[in-house]
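Engineer: Chains as they are written, first to last, in the numbering used here: chain A, 1 to 418; chain S, 1 to 530.
Hints are supplied without guarantee of correctness; some may be wrong.
Said to hold, decoys possible - Footprint (simulated), chain A over chain S, 3 or more residues, beta carbon under 8 angstroms:
# : region
1 : 196–203
2 : 313–323
Stated by the list, open to error - Here are the simulated lysine-lysine pairs, DSS-like style, with alpha carbons at most 30 angstroms apart:
#  : chain 1 : residue 1 : chain 2 : residue 2
3  : S       : Lys271    : S       : Lys260
4  : S       : Lys300    : A       : Lys295
5  : S       : Lys300    : A       : Lys199
6  : A       : Lys257    : A       : Lys271
7  : A       : Lys80     : A       : Lys50
8  : A       : Lys138    : A       : Lys209
9  : A       : Lys175    : A       : Lys122
10 : A       : Lys50     : A       : Lys270
11 : A       : Lys295    : A       : Lys271
12 : A       : Lys52     : A       : Lys80
13 : A       : Lys413    : A       : Lys403
14 : A       : Lys80     : A       : Lys199
15 : A       : Lys295    : S       : Lys117
16 : S       : Lys117    : A       : Lys271
17 : A       : Lys79     : A       : Lys406
18 : S       : Lys449    : S       : Lys293
19 : S       : Lys117    : A       : Lys199
20 : A       : Lys295    : S       : Lys271
21 : S       : Lys119    : S       : Lys234
22 : S       : Lys277    : S       : Lys302
23 : S       : Lys158    : S       : Lys449
24 : A       : Lys295    : S       : Lys158
25 : A       : Lys199    : S       : Lys119
26 : A       : Lys80     : A       : Lys295
27 : S       : Lys146    : A       : Lys295
28 : A       : Lys122    : A       : Lys413
29 : S       : Lys449    : S       : Lys302
30 : A       : Lys270    : S       : Lys117
31 : S       : Lys158    : S       : Lys300
32 : S       : Lys146    : S       : Lys434
Just so you know, the hints here were simulated from the structure itself, not pulled from any lab data. Built from N, CA and C at the ideal position, the CB exists for glycine as well.
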Amino acid sequence: MRVEPVHFESKMHPRRAMWAAHWTAALALLIASAQPALAQVDDEAYIVVKVKKAITISGDEITDAMIVITGGKIEAVGKKVDYPSDSYVIDASDLVAMPGMIDPRTSIGLPRLNRSGNQSHKKLTDVYYPPDDDTYEKLLESGYVLLGLNPPGGGMPGQMLLQTTHQPKEREGLKDAGLVRVVFTRPAMDKRLLRETLKQAQAEIDKEKEATSKPTTTSAPAARSQPTSQPATQPTSGPASKPAASKPAATKPAAAKVRPELEPWIALLKKDPAFAAQIEFARASDVIHFADVVKDVEFNRTFAFAGFEISDVHNVVDHALLGGADAIIALPPNLPNMPLTVNPYNPAKRFIEAGCTVTLFPLSDSVQEHERMRERLALLVRNGLPRGDALKAVTLNAAKYLKIEKEYGSIEKRSGPI
Amino acid sequence: MRYCWLILFGLILAPTFGIGPGMPREESAPKMALLAQPAPPPKPEPVTQPATQPVPPSSQPTTFPTTQPTTRPTSQPTSTPTSKPTTAPASQPTSGPTSAPTTSSAPASQATSQPAKPKDRYFAIVGGRVHPVSGRELTGMTILCKNGRIQAIGRDLKLPDDTEKLDASGFHIYPGLIACNTRGLVGSEPPEDTTNVFATSMRLANAGGITTVIVCNTAAKVTYGSVDGILLRKDLFVGLRYRSAAERRNLRDSLEAVRKYLRDKEEFDRKTADGDKDIKEPNNAAVTGGNAKFLQLIKKEKAAVISADSRTELIALCELVEEFGIRMVVRGAMEGWTIPDRLGRAGIEAIVTPRRQSPSDDELNQLQGGNIENAAILYNHGVDVAVTPSAFGISLDPFAGRDLQHIPMEAAYAVRGGLPESAAVSAVTLTAAKIHGISDRVGSIEVGKDADFIVCDGRILEFFTMVHWTVVNGQIVYDKEQESLFSTIRPRVPTTQPEPYKFWPRPFKPRKAPEPGQGGRYGRTGDEGR
Numbered sequence: 001m002r003v004e005p006v007h008f009e010s011k012m013h014p015r016r017a018m019w020a021a022h023w024t025a026a027l028a029l030l031i032a033s034a035q036p037a038l039a040q041v042d043d044e045a046y047i048v049v050k051v052k053k054a055i056t057i058s059g060d061e062i063t064d065a066m067i068v069i070t071g072g073k074i075e076a077v078g079k080k081v082d083y084p085s086d087s088y089v090i091d092a093s094d095l096v097a098m099p100g101m102i103d104p105r106t107s108i109g110l111p112r113l114n115r116s117g118n119q120s121h122k123k124l125t126d127v128y129y130p131p132d133d134d135t136y137e138k139l140l141e142s143g144y145v146l147l148g149l150n151p152p153g154g155g156m157p158g159q160m161l162l163q164t165t166h167q168p169k170e171r172e173g174l175k176d177a178g179l180v181r182v183v184f185t186r187p188a189m190d191k192r193l194l195r196e197t198l199k200q201a202q203a204e205i206d207k208e209k210e211a212t213s214k215p216t217t218t219s220a221p222a223a224r225s226q227p228t229s230q231p232a233t234q235p236t237s238g239p240a241s242k243p244a245a246s247k248p249a250a251t252k253p254a255a256a257k258v259r260p261e262l263e264p265w266i267a268l269l270k271k272d273p274a275f276a277a278q279i280e281f282a283r284a285s286d287v288i289h290f291a292d293v294v295k296d297v298e299f300n301r302t303f304a305f306a307g308f309e310i311s312d313v314h315n316v317v318d319h320a321l322l323g324g325a326d327a328i329i330a331l332p333p334n335l336p337n338m339p340l341t342v343n344p345y346n347p348a349k350r351f352i353e354a355g356c357t358v359t360l361f362p363l364s365d366s367v368q369e370h371e372r373m374r375e376r377l378a379l380l381v382r383n384g385l386p387r388g389d390a391l392k393a394v395t396l397n398a399a400k401y402l403k404i405e406k407e408y409g410s411i412e413k414r415s416g417p418i
Numbered sequence: 001m002r003y004c005w006l007i008l009f010g011l012i013l014a015p016t017f018g019i020g021p022g023m024p025r026e027e028s029a030p031k032m033a034l035l036a037q038p039a040p041p042p043k044p045e046p047v048t049q050p051a052t053q054p055v056p057p058s059s060q061p062t063t064f065p066t067t068q069p070t071t072r073p074t075s076q077p078t079s080t081p082t083s084k085p086t087t088a089p090a091s092q093p094t095s096g097p098t099s100a101p102t103t104s105s106a107p108a109s110q111a112t113s114q115p116a117k118p119k120d121r122y123f124a125i126v127g128g129r130v131h132p133v134s135g136r137e138l139t140g141m142t143i144l145c146k147n148g149r150i151q152a153i154g155r156d157l158k159l160p161d162d163t164e165k166l167d168a169s170g171f172h173i174y175p176g177l178i179a180c181n182t183r184g185l186v187g188s189e190p191p192e193d194t195t196n197v198f199a200t201s202m203r204l205a206n207a208g209g210i211t212t213v214i215v216c217n218t219a220a221k222v223t224y225g226s227v228d229g230i231l232l233r234k235d236l237f238v239g240l241r242y243r244s245a246a247e248r249r250n251l252r253d254s255l256e257a258v259r260k261y262l263r264d265k266e267e268f269d270r271k272t273a274d275g276d277k278d279i280k281e282p283n284n285a286a287v288t289g290g291n292a293k294f295l296q297l298i299k300k301e302k303a304a305v306i307s308a309d310s311r312t313e314l315i316a317l318c319e320l321v322e323e324f325g326i327r328m329v330v331r332g333a334m335e336g337w338t339i340p341d342r343l344g345r346a347g348i349e350a351i352v353t354p355r356r357q358s359p360s361d362d363e364l365n366q367l368q369g370g371n372i373e374n375a376a377i378l379y380n381h382g383v384d385v386a387v388t389p390s391a392f393g394i395s396l397d398p399f400a401g402r403d404l405q406h407i408p409m410e411a412a413y414a415v416r417g418g419l420p421e422s423a424a425v426s427a428v429t430l431t432a433a434k435i436h437g438i439s440d441r442v443g444s445i446e447v448g449k450d451a452d453f454i455v456c457d458g459r460i461l462e463f464f465t466m467v468h469w470t471v472v473n474g475q476i477v478y479d480k481e482q483e484s485l486f487s488t489i490r491p492r493v494p495t496t497q498p499e500p501y502k503f504w505p506r507p508f509k510p511r512k513a514p515e516p517g518q519g520g521r522y523g524r525t526g527d528e529g530r
């Protein structure tokens with residue numbers, strides 16, 4: 001593939017960058033495709049991959065590395081690693097290995113869901129059917145091993161779903177991530193929705209607190225006041241009314257049944273580590289409006305800038321909401337022009353320089369755009385994005401965005417499955 | 001080389017957020033210290049610099065660069081204080097010659113600001129010629145603002161230590177302009193939820209001197225990059241239609257019903273007070289629900305706003321106002337100059353566009369059509385006149401000068417037609433504020449009003465005058481030197497320019513490759529045109 005006239009200086013020759021991208025992807029595919037075979041043969045069998053270079057992402061690059069895989073997990077990585085003599089050895093000593101790419105934000109293969117309003121409790125497992133065509137095969141070929149499927153729609157359309165590309169038909173491959181999608185692209189409507197949702201969830205939390213504190217505080221004065229309010233005209237009503245008084249307290253949790261769409265938000269406000277809100281912006285102004293809503297509310301959140309109007313994100317790079325190492329931001333990999341100029345502008349680079357964790361997702365949900373992703377990464381690298389950061393953006397940072405960085409996104413000894 | 005665009009943009013946008021990667025903070029801090037000299041108690045040093053003493057207008061032309069005092073720091077634009085209260089610029093300079101008084105007073109001020117109350121934000125414009133619009137021109141003044149409101153105007157004011165200062169010596173200071181009837185500068189109603197605060201049109205509005213816009217039925221501030229304090233007032237007026245026969249009949253009926261209700265209610269109250277119990281309370285359907293606005297009109301709580309241009313429409317409106325005694329603002333009023341006495345007697349206020357043209361119809365034997373003297377004639381007959389351009393928004397289309405970025409040019413056309421200059425300035429500031437019922441907040445530079453200013457390099461109605469700083473709610477939202485679209489036009493800091501060529505054609509000179517930090521966004525050095 002030849003990319004025509006882009007005249008930017010780069011340390012790496014463009015064609016070499018292309019070559020490197022192709023090799024790395026080829027090997028990622030190799031490793032990913034090796035796993036189902038492994039599962040068929042024997043769970044305890046060992047696979048050893050000898051590569052020219054292993055880009056571990058989490059650590060330094062290792063030349064002439066060996067990667068030992070067993071049970072779908074990486075057992076060891078290093079220059080010289082011991083492995084059983086009956087291991088299946090793949091000699092790829094002229095290739096480069098990197099972790100499989102992860103798409104943190106896509107709706108490829110999903111049906112159209114015209115959801116709106118707060119539907120945060122809805123999960124995609126029920127509506128998701130893997131496509132029959134070779135979509136996933138092509139994604140695997142282009143280097144993608146994992147997809148973060150996003151429920152389409154506006155408002156709060158539901159929670160994300162994780163899907164591996166090498167076994168799309170198997171329901172075990174699905175995993176519901178506790179990522180609540182919040183589309184915040186039309187501030188006039190979305191501000192109102194978010195404000196109301198936070199208010200209702202906070203009210204539920206307060207109610208719950210009241211209910212838990214009631215038996216100790218309010219029931220005692222009630223019991224004490226009863227004799228005074230009801231003088232000894234009907235002594236039998238005392239014991240009869242006592243259960244009646246204690247009954248509401250006991251049934252209150254059951255009576256005050258929380259609406260299901262509020263449950264994720266209650267978990268978010270309680271800072272449940274399993275949940276995070278994924279806020280999606282269209283332009284820099286939305287960040288200001290979002291900050292206006294969440295002035296004094298704290299919950300786990302990641303950010304995504306969707307769409308093509310991201311050429312003004314430099315305005316909020318230093319915003320307190322986004323700045324800092326805690327913020328994880330998903331961006332499309334395009335190079336927009338600065339407003340009113342012909343100067344290209346690299347948002348990913350700006351955010352990385354500001355200290356944010358940046359992950360990149362393909363421009364659209366098409367297979368072609370996934371295939372073009374490595375080319376776009378190379379363009380970003382030519383435009384000044386450090387190569388390590390570009391690779392990290394589609395592997396480890398994407399895993400962090402999906403809260404699965406312990407199992408995916410780098411080549412190192414893992415406990416979880418691949 | 002490939003970072004040049006990044007550095008430039010960082011420089012442009014750094015002040016908006018206080019700390020930009022491209023912002024040379026180490027450099028700006030000592031210069032801030034130069035500006036942020038606190039007034040020590042024993043020997044009150046005059047805040048205004050020596051060169052900013054009142055200069056006779058005849059000796060100082062309105063163009064500024066050559067008359068800049070040499071004592072001014074040359075790189076003043078880079079030291080323009082950032083507008084975020086969180087950065088607290090005055091607390092930065094802890095080193096340098098001024099460190100002794102600053103450090104001694106800083107702990108005390110911090111200790112006093114320890115309670116939960118947010119720290120007061122001070123902003124001051126020092127020097128320059130102040131045109132308050134509500135009064136005569138002032139020189140050598142300092143305008144001190146606290147938390148977005150003007151706190152004091154005077155000479156040798158003692159400024160708090162952490163005051164953010166703008167040295168405007170050699171510049172003209174006007175209240176921010178008011179754009180009547182806009183679309184697309186800030187979002188529609190409610191502006192605090194719908195505005196794209198980084199929109200180019202918002203920046204261009206600030207560059208054009210606009211600080212307040214009327215959008216739909218709401219007055220909003222043009223606060224670039226923030227939604228704090230963007231809403232000025234809601235429900236300004238009652239919009240009406242009075243063109244077709246049905247519209248006229250319905251409106252008159254509604255107003256008549258309100259008057260009848262008020263008469264009945266008065267009678268009811270009087271009789272019940274006298275002890276008459278048989279009388280029934282009048283039906284209040286005429287003044288409740290959707291009809292409540294008519295009661296507000298009759299009680300003069302709100303003004304009616306109607307678009308009308310032709311003489312016949314205006315006469316009908318005059319009759320309506322004379323009959324019902326309501327307050328009325330007419331948008332357009334193109335043929336108002338034909339019946340100015342009538343409009344003046346009725347007390348109708350007008351928002352006119354002096355440049356609007358419409359040829360008269362020869363078959364009609366009457367005064368008709370557009371007239372450049374419209375604003376002047378109306379003003380001379382006692383009509384409150386505000387001026388607005390013909391466009392509702394800002395555009396970069398080929399025909400510049402007709403959009404909201406050129407409000408002063410529209411007002412200048414009214415001056416061309418005979419309107420006094422002071423009235424023309426007022427037509428885009430104070431009178432416009434009065435017409436929309438927001439003159440208690442904006443429109444002039446007076447103590448207690450909002451700190452909305454524009455700092456220009458000349459008199460506002462002159463065509464070469466450019467806005468150099470725009471201040472909204474006591475924060476600098478626009479600095480010409482840092483806006484790539486305008487920084488190259490008559491830059492504030494005189495650059496070392498070569499002698500102009502004395503002959504024509506000019507010799508061929510290959511363009512230099514742009515260097516980061518030089519000139520504007522295309523790396524201009526200022527000598528291309530020579």
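Engineer: What are the numbers of the hints that this structure violates, sorted from low to high?
Structural biologist: 2, 4, 5, 8, 10, 14, 20, 22, 24, 26, 28 and 31
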